[in-house]
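Peer 1: Take a look at the letters that make up each chain.
Protein chains: 2
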Amino acid sequence: MANKAPGKADESPRVRIRDPFWDARRETVRRNAIPYQWKALNDALPNAEPSGCLRNFRIAAGMEQGEHRGFVFQDSDAAKWLEGVACSLMSQPDPELEARADKVAETIVAAQQPDGYLNTYYTINAPDKRFTNLRDNHELYCLGHLIEAAVAYYRATGKRLLLDAAVKYADLVDRVFGPEPEKKHGYPGHPELELALVKLYEATGEKRYLRLAGYFVDARGTAPLYFEEEEKQNGNGRFYFADGPLGYAYCQADRPVREQPEAEGHAVRAMYLYSAMADLARLNGDGELRSACERLWASVTERRMYITGAIGSSPYGEAFTFDYDLPNDTVYGETCAAIGLVFWARRMLLLDADGKYADVMERALYNCVLSGMQLDGQSFFYVNPLEVLPEAGSRDHGKQHVLSRRQPWFGCACCPPNLVRLLMSLEDYIYSVDGERVYVHLFVAGEGEFRLRSGKLRLRCSTDYPWDGRIRYSVHTEAPLPAVLALRLPAWSPSYRLRVNGETVEPVVERGYLQVERQWRDGDSLELELELRPTLYAASPSVPEDIGKAAMVCGPLVYCAEEADNGPRLHRLGFDPAAVPEWRYASDLPCTCKEITVSGWRDREWPPEGGSLYRPLGQPDREGVRLRLIPYFLWANRTPGEMRVWLRV
Amino acid sequence: MANKAPGKADESPRVRIRDPFWDARRETVRRNAIPYQWKALNDALPNAEPSGCLRNFRIAAGMEQGEHRGFVFQDSDAAKWLEGVACSLMSQPDPELEARADKVAETIVAAQQPDGYLNTYYTINAPDKRFTNLRDNHELYCLGHLIEAAVAYYRATGKRLLLDAAVKYADLVDRVFGPEPEKKHGYPGHPELELALVKLYEATGEKRYLRLAGYFVDARGTAPLYFEEEEKQNGNGRFYFADGPLGYAYCQADRPVREQPEAEGHAVRAMYLYSAMADLARLNGDGELRSACERLWASVTERRMYITGAIGSSPYGEAFTFDYDLPNDTVYGETCAAIGLVFWARRMLLLDADGKYADVMERALYNCVLSGMQLDGQSFFYVNPLEVLPEAGSRDHGKQHVLSRRQPWFGCACCPPNLVRLLMSLEDYIYSVDGERVYVHLFVAGEGEFRLRSGKLRLRCSTDYPWDGRIRYSVHTEAPLPAVLALRLPAWSPSYRLRVNGETVEPVVERGYLQVERQWRDGDSLELELELRPTLYAASPSVPEDIGKAAMVCGPLVYCAEEADNGPRLHRLGFDPAAVPEWRYASDLPCTCKEITVSGWRDREWPPEGGSLYRPLGQPDREGVRLRLIPYFLWANRTPGEMRVWLRV
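If you read the protein sequences in the order shown, they are chains A and B.
The first sequence runs 1 to 649 under my numbering.
The second sequence runs 1 to 649 under my numbering.
Next up, chain A with everything else stripped away, as it sits in the complex (with noise of 0.2 Å):
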């Protein structure tokens, strides 16, 4: 029982997590992908290019000679891989590793300078230029992930080390920046220190960290811009997105955070940006700012998100384009964006436990971030699309960013690490806290721990959801105790039963969950049971790319056809919509899962004779097929080949 998730410390629950989904990952997580990214790190990859970033630090420390490598926010690598190993020690202890992460720590800390700068790039290169080019440079983007790790560390081992030289660095930014005349007037051009200034605020409680998040994010895209300024003071090259349909909106700073209608340009940026405007909004009840995060959320979700959880429909700018304009097989869909997807939905129940930032968080959480990874923990996607020709990616330029095998590595390293510390920190996403009401907003086994105004509740959860819609809580108390339990009703699931104590109750539905309001005893039961059932999904018409086509859902899961199951040219297949589809654990596929069957149909290819590439439409020629649908994080772990998510109906 280790992970407490930020809020209030009264209110933050404990969790544990013994659940036969999530811990298969979880340990492919600790097994596999933090000691490969640790050789990552430290150059030992054999088929990576060096990453160089260790190195760094220790040349900025002067302790090692040599050019900083990599990108200028190579820095973050160590900060992230360090999150997700302190989130991994919260919840299982391992002396070893935690040894190695120590060394890790000190050699950060090494290259600190002595006013509590931190960052390798400019301290190596150009220890004159900090803090002149925001825009591009990432400084304070590192020093965000920086006290992110150095919090999680902090929280994981007692040990000091890492948050002090962070509060340092902090420090100094406070210093630089602010509203006051005689300060900087910058903000990062890639957001992700605001998010993190709310967490240094809530781990020391010291204010001013609140307030330099709030300064950020509202002197964010006001005139002057900040970036032109700093570009005609500094001579930075022209902005490389100046010119094309991004602009500023690039970074979302073509105009004042408040003010933007739409969800724009990056979506990773946009996300850790949204996310401490979530923060901000609970923290100082800013109605505005969460108007705003409402009216982003909005866009996000009802306009420009796939059915996977992907963002970012562009790998122009790895960014929004505009609404419905959803194509499957050119986007984007960074792994790190839907990441910072499930980043936002947290916040946003913080904000507001609504059951439709679960219902999206649980959607980008079971399929754009889990296809992320491989199944053995060693290999990455940076874009997920939904529908892949392995052909177009190598033979059009297009769609060259669209891979149909994960890679080992990537010179821009962020989605590895992301995927480690998202995983890690499952914990806490799972429950939220609001007096005496506790929400469970993700199906997870394991135990919880909430402290509530009536006193101590811990639930103990088993299921083997998603492949089972039955999820078994146990209540545990000191004493009986009046409370809450507010259980999420997904949008997916039209029915459910609910059994307390072995007798049905039909408790109100507010927002999205259900509220099961008693006294609760020691020994308490609470069944709920989910309709799991394979459903066709349709797009809105408004989305050109999926209309007349349909995708197989199954409660959390969306499931994907491979070439492996269904043979080459899967645009040729359609859905029955008639057809009652089957799901059942699949013997052959390289994890535990249920795999889907279904009756469809593929059109005939055409008959030599009569015109081989244009005809007069003549009746369709279809042979009936069995389908076999796998959950789309699963795609790419066997023989790589094609891939559709939206199927014709």
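Since the hints were made in silico from the structure, they are not lab data.
No experiment lies behind these values; they were computed from the predicted model shown.
Among the hints, a few may not be true.
[What the hints assert, rightly or not] Calculated lysine to any residue pairs in the SDA-like style (CA-CA distance at most 25 Å, straight line):
1. 356/B x 609/A
2. 356/A x 615/B
3. 356/B x 612/A
4. 356/B x 605/A
5. 356/B x 284/A
6. 356/A x 232/A
7. 356/A x 616/B
8. 356/A x 618/B
9. 356/A x 612/B
10. 356/A x 609/B
11. 232/A x 182/A
12. 183/A x 93/A
13. 356/B x 615/A
14. 184/B x 262/B
15. 356/B x 182/A
16. 356/A x 605/B
17. 356/B x 527/B
18. 159/A x 113/A
19. 356/B x 356/A
[Said to hold, decoys possible] Reference listing, derived: stretches of chain A covered by chain B, where coverage requires no fewer than 3 residues with Cβ under 8 Å from a Cβ of chain B:
20. 306-320
21. 394-408
C-beta: ideal position from N, C-alpha, C; glycine also.
Please build the complex by placing chain B on the supplied structure of chain A, with the hints as guidance.
Peer 2: Just chain B now, with coordinates in the frame of chain A:
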């Protein structure tokens, strides 16, 4: 009676066009496009970047001071304009225009160097660097256009000034390049000179030019690759396409042309190269080269061509991608590539009179080629999409090449003058003669005069094609003579009726031509009636983008739906295959044309309740609508908006 097609002189038809459909377009070219483009060459267009084209010649001639402006191939704009003017003068003398053209010819020739070299870019910038970067710098391409202009101008006016200059430059190139050890073993980076040298051979009878064309064609792509050797020797920069999916296939130099299995790379380059290959196969009786042409023809037209005759699926390299990859919304479909396809098809017909070549030639001509020019002849499309959402062009970087308005001019202004020269030389595409056989490839009203073995025969054609399927020919001879009139029976016409002197006949159909063989007498009449009616066409089920969709086709014309007639969100529209389309003259379109109206349907937007982006699949919710379709070539001549060729069925 003016134009003379190449080929043996006694076989060349003399053709005069008097056709309601084509006269309107050609008159626009004469009245508007030619003077407009003359202004462009002279930097006198108010809303366009100065071209610098003619000024470059004056600078190179020492008549003016200044720097070279525009692309390395800027010279070709003048040559292409001059060729178009020459063709125009052949069919309609115009002393004022001829005087203007004489001046342009004089300006060009003034820049010729004493040894014959004639290229303003090198003469101005680097006279000692001639022929050092064939891969990128288009010197030989420009000579090709100079030759084409010179031959046409000589034919039109009998004036030798430009022809002599072209011969002098060609002789220089023949001294520099060739198989002999002491010569350079290079070839044009952009094919064009090859087909021009064939024209120069046909105009002058000088076999050296034919040999040089053959050398260039067969040296291409042989090992060691000339472009790589040249790069090493001359320090030319790395080839732009070296590391992408195209490599040297971009310029059809990845292997010898006779071994190329598929049409690859830059589509215009490919068409110009294949045109020369067809010429050489015919003139040299080269069966292997003919097989290569046939293989490439099948590659283009059976697997890589849009229904409009557009080719080049990708903006990257303006190139072919792979089989059946025919996206409608990101297509490049350059106007020049469709023009090149017409060039090539005509040469395939001369090599082998098979109606399949004429079918494609006609399809490209009436659709993708004509689409390139606004009705007023003063703005142009470079890219010819089959599906346009204006918002995508402005907000999705991957579709920014897809415009919904024609542009007044282009920095790279290859398409506008290419259109002019094709439309003004349409006489060359209608007929061909083989012994005692007159082939009719295109149905264009006017006259043709043919010298057959048996004597002279004239055909007078009258028709309202493509708005009417009846085509009437009257035969004129000095004395009765035996001949075969081979009238094309288009593949799109499932039936026909043919009357000779009022009596129905059923001649042999051979490879797409109705072979009407008889003793022709002066005054004989032929009336061909083709089955011209609106018909839905499907694409091969191998084309993912078009599966489940249909396009309305009527004879040679592809039709499309525009927002101006059908409202926005065209993707929600569909055809009812059982509905009977109406085809009639439209009263409110900006030129004489027949519209198609037909019953169809539109998917209704979802009612607001129940989830806005994804929902369980319900019953189709459709409303009946009357679709209005206009000829594709006419699109974007009204209020800019959406357009679609393929609608769902």
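Peer 1: Taking the numbered hints from earlier one at a time, note which ones the structure violates and give those numbers from smallest to largest.
Peer 2: 5, 6, 12, 14, 15, 19
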